[in-house]
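Novice: Protein chains in written order, with this note's numbering: chain Y, 1311 to 1667; chain W, 205 to 528; chain B, 353 to 610.
There's no promise every hint is true.
Stated by the list, open to error - Far from chain Y by the CB rule (all over 12 Å, computed), these chain W residues:
no., residue
1, Ser233
2, Thr239
3, Thr264
4, Glu271
5, Ala275
6, Pro278
7, Ile295
8, Arg318
9, Pro335
10, Trp342
11, Gly343
12, Glu373
13, Ile436
14, Thr451
As the list claims (entries may be wrong) - List time: in silico DSSO-like cross-link candidates among lysine-lysine, alpha-carbon distance up to 30 Å:
no., chain 1, residue 1, chain 2, residue 2
15, Y, Lys1391, B, Lys469
16, Y, Lys1391, B, Lys370
17, W, Lys322, B, Lys467
Derived by calculation from the structure, the hints in this document are not laboratory data. Note that the Cβ used here is the ideal one computed from N, Cα and C, for glycine as well.
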Amino acid sequence: MSHAIQERPVSVAPRRGPLSHARLPRWTPAAVAVFSIAAGIGIGLAAGWHSKVQWGMLAALLFVLTTYAVTTKVEGSRQAKDRVATSLVWVCFVLAVVPLLSLAWVTISKGMAVLDVYFLTHSMNGVLDTEAGGGVYHALLGTIEQVGIATLIAAPIGLLTAVYLVEYGGGKLAQAVTFFVDVMTGIPSIVAGLFILATWNLMLGFGPSGFAGAMALAILMMPVVVRSTEEMLKLVPNELREASLALGIPKWRTILKVVLPTAIGGITTGVMLAVARITGETAPVLLLVFGTKLINPNPFEGAQSSLPLYVYEQYAVGTDASVARAWAAALVLIAFVMILNLVARGIARWKAPKTGR
Amino acid sequence: MATTTPDIQRSRRAKSASRPGDRIFSGLSRGSGITLLVIMAAIAGFLTYRAILAISKDSTNFFTTFEWNPAGNPPVFGIAVLAFGTIVSSIIAMLIAVPVAIGIALFISHYAPRKLAKPLAYVVDLLAAVPSIIYGLWGAIFLVPYLDGLNQWLDEYLGWTYLFDKANEGPARSLFTVGILLAIMILPIITNVTREVFLQAPKMHEEAALALGATRWEVIRMSVLPFGRSGIISASMLGLGRALGETMAVAVVLSPSFLISGHLLDPGGGTFAQNIAAKFNEANEYGRDALIASGLVLFVITLLVNGAARWIIGRRKEYSGAAA
Amino acid sequence: MAKRIDVSGLSAFYGTHKAIDDISMTVEPRSVTAFIGPSGCGKSTFLRTLNRMHEVTPGGRVEGKVMLDDENLYGSNVDPVAVRRTVGMVFQRPNPFPTMSIFDNVAAGLRLNGKYKKSALNDIVERSLKGANLWNEVKDRLNKPGSGLSGGQQQRLCIARAIAVEPDVLLMDEPCSALDPISTLAIEDLIGELKERFTIVIVTHNMQQAARVSDRTAFFNLAAVGQPGKLIELDDTERIFSNPSVQATEDYISGRFG
Chain Y
1311 MSHAIQERPV
1321 SVAPRRGPLS
1331 HARLPRWTPA
1341 AVAVFSIAAG
1351 IGIGLAAGWH
1361 SKVQWGMLAA
1371 LLFVLTTYAV
1381 TTKVEGSRQA
1391 KDRVATSLVW
1401 VCFVLAVVPL
1411 LSLAWVTISK
1421 GMAVLDVYFL
1431 THSMNGVLDT
1441 EAGGGVYHAL
1451 LGTIEQVGIA
1461 TLIAAPIGLL
1471 TAVYLVEYGG
1481 GKLAQAVTFF
1491 VDVMTGIPSI
1501 VAGLFILATW
1511 NLMLGFGPSG
1521 FAGAMALAIL
1531 MMPVVVRSTE
1541 EMLKLVPNEL
1551 REASLALGIP
1561 KWRTILKVVL
1571 PTAIGGITTG
1581 VMLAVARITG
1591 ETAPVLLLVF
1601 GTKLINPNPF
1611 EGAQSSLPLY
1621 VYEQYAVGTD
1631 ASVARAWAAA
1641 LVLIAFVMIL
1651 NLVARGIARW
1661 KAPKTGR
Chain W
205 MATTTPDIQR
215 SRRAKSASRP
225 GDRIFSGLSR
235 GSGITLLVIM
245 AAIAGFLTYR
255 AILAISKDST
265 NFFTTFEWNP
275 AGNPPVFGIA
285 VLAFGTIVSS
295 IIAMLIAVPV
305 AIGIALFISH
315 YAPRKLAKPL
325 AYVVDLLAAV
335 PSIIYGLWGA
345 IFLVPYLDGL
355 NQWLDEYLGW
365 TYLFDKANEG
375 PARSLFTVGI
385 LLAIMILPII
395 TNVTREVFLQ
405 APKMHEEAAL
415 ALGATRWEVI
425 RMSVLPFGRS
435 GIISASMLGL
445 GRALGETMAV
455 AVVLSPSFLI
465 SGHLLDPGGG
475 TFAQNIAAKF
485 NEANEYGRDA
495 LIASGLVLFV
505 ITLLVNGAAR
515 WIIGRRKEYS
525 GAAA
Chain B
353 MAKRIDVSGL
363 SAFYGTHKAI
373 DDISMTVEPR
383 SVTAFIGPSG
393 CGKSTFLRTL
403 NRMHEVTPGG
413 RVEGKVMLDD
423 ENLYGSNVDP
433 VAVRRTVGMV
443 FQRPNPFPTM
453 SIFDNVAAGL
463 RLNGKYKKSA
473 LNDIVERSLK
483 GANLWNEVKD
493 RLNKPGSGLS
503 GGQQQRLCIA
513 RAIAVEPDVL
523 LMDEPCSALD
533 PISTLAIEDL
543 IGELKERFTI
553 VIVTHNMQQA
563 ARVSDRTAFF
573 NLAAVGQPGK
583 LIELDDTERI
593 FSNPSVQATE
603 DYISGRFG
């Protein structure tokens, strides 16, 4: 009956060790981490590597290897695997947090250097690329107008489509719509831009305008609105609909007066998150809005600017002053998007339907 | 409560036809759905139409040419370099982002102290919303110089693999750097979806593994990862879709060239989206058609990726444990 | 193989809330001990302290001593993973791993503890499935997923999985509450057979079941909602159901509350 391999004795059942075995103290991982970081910095300094990326990678590698060596020696191979998995997960966490923190820190610190009221209230009219000054007003205005128009187009269509899918759907058409909404979610933003370019500009002969950009943004926004609204409508309990219909209220009024109000919090959140997403889109704006230094309040006529486009242009110019402006505009953009996100999530929490999650 | 939803809907639909209010409203919502379909059809149709206009005048093979000169006489342009760059940078991004994202998702769902996990999940959610142009700006100004040391290492120790042989002494504006930047960009998206799936892994299966005497890692391997597999795949495909179509971050970081090189660390190369953004301003109408043709190829590639994701998920559904 | 459990002064907490208070009892080897009591009295929590599963719940904390023969499960150097390996557990709802085949489910615990030859695994899996009275029903489809079985079969598969690693003690947390009467009967028969080899502790809501399967019965109760649960008495099952020494036990058993 001896079929167990390794050093197991002749027995059908696996022989088990005693319940207790040598275990590392609780502070071991922290100690190993400190040691690895110190060693990473020490070796990095000694070898004269100027890139902190190398220091960090060495520290991470040392952390995992030391953990493995120490636990294998003290606790055995199964525990070692467990500890290595834990250390790897921590390394992943740090690996991700470092660049993201750096991104946030750099944007804020560099952006704050230029950002002030003047920057927010002036355009680039008459400002040379090489000189400091100028502002982002025209881009901010353009972004708000373009995103506003895109929302006016996409939100009603998206909302009604979701209503159709949840309240009326079920047939072949609904299936097709569901499928193509999925497909639409995956459209790269530049392709949406190219489509408007091909139709609006090349076929119909219009020039660049804020409205053209807004149409491309609307294409990107629609599927997001449909998806989120659909989810929210599905959360509305059927009993509510039945109760309303049983009172003899027609279906369209039931939807307008009962279903939509119940889900309005979640729907608003979804729309705002979609708005936040398209606000940062650069590619279609680059193709369709074209960019300008001047304030152009009319989205239907002539080139406009927009925040993400402004960031790109100022970076591409490449002078110290313009790169500084790019950071400041990036900060404005990120603040805009984050505020939208935070408000949207706030609404979601505040208005969460009681049946939700 | 015995009535099921379809029954109610059917009877409601039958009645609703009679009232004008109902007819208008249902017509409106159906119309919106149809509008969506029309837009999709128009996108496919018009892009294809312009692409055919362009390709028919192309004097070389559109798929295998290493050049982009639609203004030339005769026009010469092809997508070989773009396809190569797009796919290579996306592969690099996926190789880095997927394991790390799984790690972070596990960190949030199973490892982090609870006080840390919630705010962390929230922050990752917010990071997914950071506009790509900002990643690009950060990548070009901060990441590129920081990667010099890493590139030196890779060149020194892994140069023999050919892939990491840095033959050109330029700054790190290479496909490799683009891959790393794309990885950082898609990390939050993949993490979010994966984390949601991991959190839904049934507690009872984790307890079953625990009660058999499994360590935390073994519990995750036995119950969480198998449950989350299709979620990981769909999250990765979502990330891949983003990476393939990313325009601005690549346009800002890469120093483009129309060459295919296996030396990933050398500056150069290009992607579909980057090329469109870079060439658009100087292009005449015909050049724009050529760019549209390349955009169509990108569109088809992303469609295929999404389709593959859906197919994989559908195939794995029965084994995902969702039914248990 | 089967070991005696000696609990002394054991309290369990969820965060700051005390769920069970100062419990001491002895569980005899090769016998079935049933825990009964109203909902919320902490009998399941107590069961989970016996294989250190309680501390897995966020905020879960235990004070006191649990001796397994002569080793304290809460001793300073004791590895909870080794404890759970020695004290097996079957849960309220059958929970076979959905992505694994029937065979792999039974072999799951063995594979954690080392490498086995294919033939050795085959032997142990067959023996465990026979031990769980499931072999005849599944021997032709060992490679099919375990989630394809009926509820009762799944629960027996879980028992087979638990006994495959030859634990000293088998804990069962209301193992029949999700099953139909016929499956319940099959499990109860199985418990009768398993007690020849294992120390068995079973939590049950069903007093007839306690009376049918157990040798000794422990009655738990709580003074009021929000108060910690306490052990009222532990005695031979026959005495508990015919002539309990505490009034509350008699009230509960005769259906006056709970």
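Novice: All the hints need checking, so say for each whether the structure fits it.
Specialist: Hint check:
1. Ser233: violated (4 Å)
2. Thr239: The assertion about Thr239/W is violated, with a minimum of 6 Å to chain Y.
3. Thr264: holds (22 Å)
4. Glu271: holds (21 Å)
5. Ala275: holds (16 Å)
6. Pro278: Non-interface label stands for Pro278/W: nearest chain Y Cβ at 21 Å, farther than 12 Å.
7. Ile295: Correct as stated: the minimum Cβ-Cβ distance to chain Y is 17 Å, above 12 Å.
8. Arg318: holds (15 Å)
9. Pro335: The claim breaks: Pro335/W does not keep its Cβ more than 12 Å from every Cβ of chain Y (closest is about 2 Å).
10. Trp342: Per Cβ check, Trp342/W is inside 12 Å of chain Y; nearest 5 Å; violated.
11. Gly343: Violated, since 9 Å does not exceed 12 Å.
12. Glu373: holds (16 Å)
13. Ile436: Its Cβ never comes within 12 Å of chain Y, the nearest being 14 Å, so this holds.
14. Thr451: violated (4 Å)
15. Lys1391/Y x Lys469/B: Given that 30 Å is the threshold and the Cα spacing comes to 22 Å, the pair holds.
16. Lys1391/Y x Lys370/B: violated (35 Å)
17. Lys322/W x Lys467/B: It is violated: about 39 Å lies between the C-alpha atoms, which goes past 30 Å.
Hint violations for this structure: numbers 1, 2, 9, 10, 11, 14, 16 and 17, all remaining hints satisfied.
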